[in-house]
Amino acid sequence: MERIYFDHSATTPVDREVAKVMLEYMTEKFGNPSSVHSFGRETRKAVEEARNSVATLLGAAANEIFFTSGGTESDNLALKGIAFANRKKGNHIITTAIEHHAILHACEYLEKQGFTVTYLPVDENAMVNVEDVKNAITDKTILISVMFANNEVGTIQPIKEIGQLAKEKKIYFHTDAVQAVGNCHIDVNELNIDVLSLSGHKIYGPKGIGAIYIRKGVKIESTQHGGSQERKLRPGTENVPGIVGLGKAAELARIELDQRISHLTNLRDKLIKGIQEKIPDIKLNGHKEIRLPGNVNISFFYVEGESLLLNLDLKGIAASSGSACTSGSLDPSHVLLAMGLTHEVAHGSLRLSLGRGNTEADINYCLEVLPQILERLRSMSPLNANSKLAANNPCSQCDHH
Amino acid sequence: MYTEKVMDHFTNPRNVGEIENANGVGEVGNAKCGDIMRIYLDVQDDIIKDVKFKTFGCGAAIATSSMVTELVMGKTLDEALKISNDAVAEALDGLPPAKMHCSNLAADALHEAIKDYISKKGK
Ligand SMILES: Cc1ncc(COP(=O)(O)O)c(C=O)c1O
Ligand SMILES: [Zn+2]
Chain A
1 MERIYFDHSA TTPVDREVAK VMLEYMTEKF GNPSSVHSFG RETRKAVEEA
51 RNSVATLLGA AANEIFFTSG GTESDNLALK GIAFANRKKG NHIITTAIEH
101 HAILHACEYL EKQGFTVTYL PVDENAMVNV EDVKNAITDK TILISVMFAN
151 NEVGTIQPIK EIGQLAKEKK IYFHTDAVQA VGNCHIDVNE LNIDVLSLSG
201 HKIYGPKGIG AIYIRKGVKI ESTQHGGSQE RKLRPGTENV PGIVGLGKAA
251 ELARIELDQR ISHLTNLRDK LIKGIQEKIP DIKLNGHKEI RLPGNVNISF
301 FYVEGESLLL NLDLKGIAAS SGSACTSGSL DPSHVLLAMG LTHEVAHGSL
351 RLSLGRGNTE ADINYCLEVL PQILERLRSM SPLNANSKLA ANNPCSQCDH
401 H
Chain B
1 MYTEKVMDHF TNPRNVGEIE NANGVGEVGN AKCGDIMRIY LDVQDDIIKD
51 VKFKTFGCGA AIATSSMVTE LVMGKTLDEA LKISNDAVAE ALDGLPPAKM
101 HCSNLAADAL HEAIKDYISK KGK
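So the sequences go chain by chain: A and B.
Residues 1 to 401 in the UniProt record's numbering are what the first sequence lists, from first letter to last.
Residues 1 to 123 in the UniProt record's numbering are what the second sequence lists, from first letter to last.
Incorrect hints may have been included.
Said to hold, decoys possible - Quick look at which bits of chain B chain A covers, simulated, 3 or more residues with Cβ under 8 Å:
(1) 9 to 15
(2) 31 to 40
(3) 48 to 57
What the hints assert, rightly or not - Listed below are the simulated SDA-like cross-link pairs for lysine to any residue, each with C-alpha atoms no more than 25 Å apart in a straight line:
(4) Lys207/A / Met1/B
(5) Lys52/B / Lys232/A
(6) Lys5/B / Ile373/A
(7) Lys54/B / Met380/A
(8) Lys270/A / Met380/A
(9) Lys315/A / Gly274/A
(10) Lys5/B / Gly316/A
(11) Lys54/B / Val345/A
(12) Lys80/A / Leu104/A
(13) Lys315/A / Lys45/A
(14) Lys5/B / Arg376/A
(15) Lys45/A / Lys232/A
(16) Lys315/A / Arg14/B
(17) Lys52/B / Asn384/A
Everything labelled a hint here was simulated from the structure, so no lab data went into it.
What you are looking at is a predicted structure, and each value in this text was computed from that prediction instead of being measured.
Note that the Cβ used here is the ideal one computed from N, Cα and C, for glycine as well.
Only chain A is shown next, with the shape it has when bound in the complex (with noise of 0.2 Å):
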């Protein structure tokens, strides 16, 4: 069966450009980038290119950007080093309740050690309005932490507006951009970006491997200590096929960007129209225009999400869910939540991530299987338009709700 991906948000395949750099410095070039010898040069120049690369994509200087292990690496370093490196001038954060784990569970960690949170609602479309931002601010106010893109339903907030008020305001803004660099322009000069995470592996590149940009100046600590690598900022022999690899994926992601945003743009939308005309009491979930181009996320009423996902799956569809049985625990995504989705909208919802490899065939094939799947597990449903939803029906194992 010919198999179908829909979870790029999860992870991309790696290009193949950049899989065969990386072999060459695996295998060839394995010098220590920190040895003085030849092989040691050569990586060492590698690292550099590669930092290059990257600091391009982002409109940054190569100094202002430091390798680290991932996007969760990144978003820890950021929260935690500026925290820390800050704690005299305040001890309040401002960040907001759609946020990735990386982020939400350093912030709960940073709250045992003394500091004040503050998290954001959004509206229906997960959007982060700039007003709440300003109103949240106090004189302790040392960081402002913003997503860029949601990896759930591809909200892309108000990055620039965010950026100019805590420039004015003299407080550092740092944004998780791990899903929308490779599919957004940004320019961390022009958006007023001081601090941004991303990630090797949502970009064509390798697994764990990311950056974090960091804006000459600010004044962060290292949550790590060891030798002087990454400027003492990030110690540890660095990952040097990694971090080549990314710099590769950084380069396509340079070059192609364009024409992957109008690509995805344009099969995101015919999904989500025929997903529309085709399949009755859906919600699309997420801003409707301002999302990441290849982001499709609807909630399906009356029926839960993790059986939707096995059904296709076994149409060699692979896709995600915010239903709480994909999560692991009884509730179902946070960001939902936060959006005013009611738990059963939530439990119904099917997130499809496009990437560069997807085609038209792809999305005429989904759209002639989703309906039938979706027909015959709502046949199976007791819900449904009529139903009057039992808010308390004896559940042996949900007294705690």
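Start from chain A and add chain B with the ligands according to the hints.
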């Protein structure tokens, strides 16, 4: 992560649907926790002549619903009341630990349906 039996019952669920004149109906779970199961019984002379289900839920929820209907078809009420959630999971060759919540509902729904039948009969 699911056994072959679970996938079999998920892809070809047995006894899906409603019984129009069911004399016992049981429903457990709620949309908040993500699983709702409703079981319909046609009981005659204390024997389950027919049983059907409708379920809103994940793969485990659907498979356990299907399995519980298969286990009780033709059984006496006493036998049916002895079927536990564990027995349903076992009949499916086990379920992932993370799915115990969803799968703990099928036998509960059955027991609710039997209770409903008994209370209706008592009137
Ligand atoms: C918005 C966002 N932030 C952070 C991460 C974590 O990135 P990584 O997997 O590279 O640690 C992800 C990945 O899912 C993400 O989507
Ligand atoms: Zn479940």
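Requested in this report: Identify every previously stated hint that the structure contradicts and give their numbers, smallest first.
Outcome: Hints 5, 8 and 13 are the ones this structure does not satisfy, whereas the remaining hints hold.
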